[in-house]
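The primary structure of each chain is shown beneath.
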Amino acid sequence: MFLWLWQILKGYVRIDVTGFSVERFINMAAHKGIYLWDVTYTPSGVSMNVSVKGFKQLRECARKTKCKFRIRSKNGVPFIFYKYRKRKILLGGILFSVVFIYLLSSFVWLIDIKGNDRVKREQLLAFCANEGLRIGAFKYKINNKQLKTNLMNNFHDISWLDIHIKGTRAVIQLTETIPAPQVIDKTTPCNIVAAKDGLITSIVTGAGKPMVKRDDVVRAGDILVSGEFTTEGDNGSVTKRVHAYSEVWAKMYNEINFEVPLTYDEKTYTGNSKKMFSVQIFGHNYDLFHTDSGYANYIRGARHTQLNFGEDYPLPIIWTAYTYREFQPEARTRTVEEARELAEKMVNARIIREFDFAADIIDKSIALQETPDRLIVKALITTNERIDKEAPISEQPREITDSLET
Amino acid sequence: MGKREKVKREITEALALPKEIVLNLPLITLYGNEELNLENYKGVVEYTDERIRISTSRGILKIEGRNLLLKQVTSENISVTGGIVRVEFM
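As you go down the protein sequences, you meet chains E and L in turn.
Each residue of the first sequence is one higher than the one before, counting from 29 in the numbering used here.
Each residue of the second sequence is one higher than the one before, counting from 151 in the numbering used here.
Read the hints as simulated data drawn from the structure, not as lab findings.
Some clues are possibly wrong.
Here are the simulated SDA-like pairs of lysine to any residue, each with C-alpha atoms no more than 20 Å apart in a straight line [unchecked claim]: (1) E:K60 - L:E189; (2) L:K221 - E:V80; (3) L:K221 - E:L31; (4) L:K192 - E:H59.
All chains, please: the whole structure from these sequences, using the hints.
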């Protein structure tokens, strides 16, 4: 491989040798220290490769052995240079492109962030851009060390960080800290209040004074367990404040209302599609051969490709192919039965999407009302949910405790 | 074999010196049947694509095969590639 590269660089000649004894020719050349390779047999003699330097010494060998040689081909860089020696503009073009590529590769064209999970990518990029590491930044001007320190100081969730610029790609590799465990503060006094309206189904209090009992109806914000209470001791009444803790479950009704129309549009793809391209160079978009798609209804998909020289040399050129697919909207009607099924599915989907994962669904009743063009759906979902929520003790609750105690 | 040669051989064998250097023997390396590398040769006697004869200090080495090609020729080393069928000292 390297030998071959060397031969290409230095240039070599392939010659045909004919004569009475080509073997003697080979021997003499070898003895003179001329390197011969790929010697092949031809009916009239042999042909072989020889370096340019060795070729100049062959004349003597040929004369002494009475062989004749003829050049079949000249290969390698020196001959190419010789051939194009008068083409100044071509040379200029080559030099220009080399310089241009060198210049382009001195900028950062892609920033890769690896290992972030809690730290937002956008925040990191914005911070880096502020510090000078942005797409299009001159890569030798970026102060890695300073940037690293600043990033570490600014983002406390990063425990380890490395920034390196490989080609035109800046790679920010980081490891995040292990999230600090949530400390439940058990020293600050607090109340437990209701997070939602509901009917209490169970209340288990660990600390504090329960203000409600089972089957009580509460509204959101009502105090369920008070963290402040008065005890009668030997020295008169003493007011104590504790960090209330309680698990309160309550039953509640949730209404889901929506309508299912009996007519709808369905997209039928006609199979017609058009492709259009655009290219983004240095952040500027240029549309290529863009015309009106001519479709009344279409869906546009886009695929972006960034040009690059290998993985480490992405270039500031992004090629985008847009695909326009035509469709025909077709009015369809569904039967009441189909609408019913759809309504059921939609209710279930909304339960999964909107309800707390920890909530128990106790009952689900769906009431349907048919009108000529739509189905009105009213679903009543009964759930059992945990509603306790910590709230700081304000100055007012005292009165409530008092009133309840009497 | 002269006396001088005999002593030389004995010393070489006793000291386990490389024979191809001390005794000027040809060293043949054969890679399967597709490449033969010969060091310490004297000269090419015959070269066709089916038969190659190379003279060495121990007589002529004949290589027979198909599509034989001299891959490299230098003053001390010669390398033959192709489908080698027979290697023989004559």
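The hints, checked one at a time:
The straight-line distance between the Cα atoms of K60 of chain E and E189 of chain L is roughly 17 Å, inside the 20 Å bound, and the hint therefore holds. For the given pair, K221 of chain L sits about 18 Å from V80 of chain E by alpha-carbon distance, which is consistent with the 20 Å threshold. The hinted pair formed by K221 of chain L and L31 of chain E meets the criterion: a straight-line CA distance of about 13 Å does not exceed 20 Å. Restraint check for K192 of chain L and H59 of chain E: satisfied, since their Cα atoms lie roughly 9 Å apart, inside the 20 Å limit.
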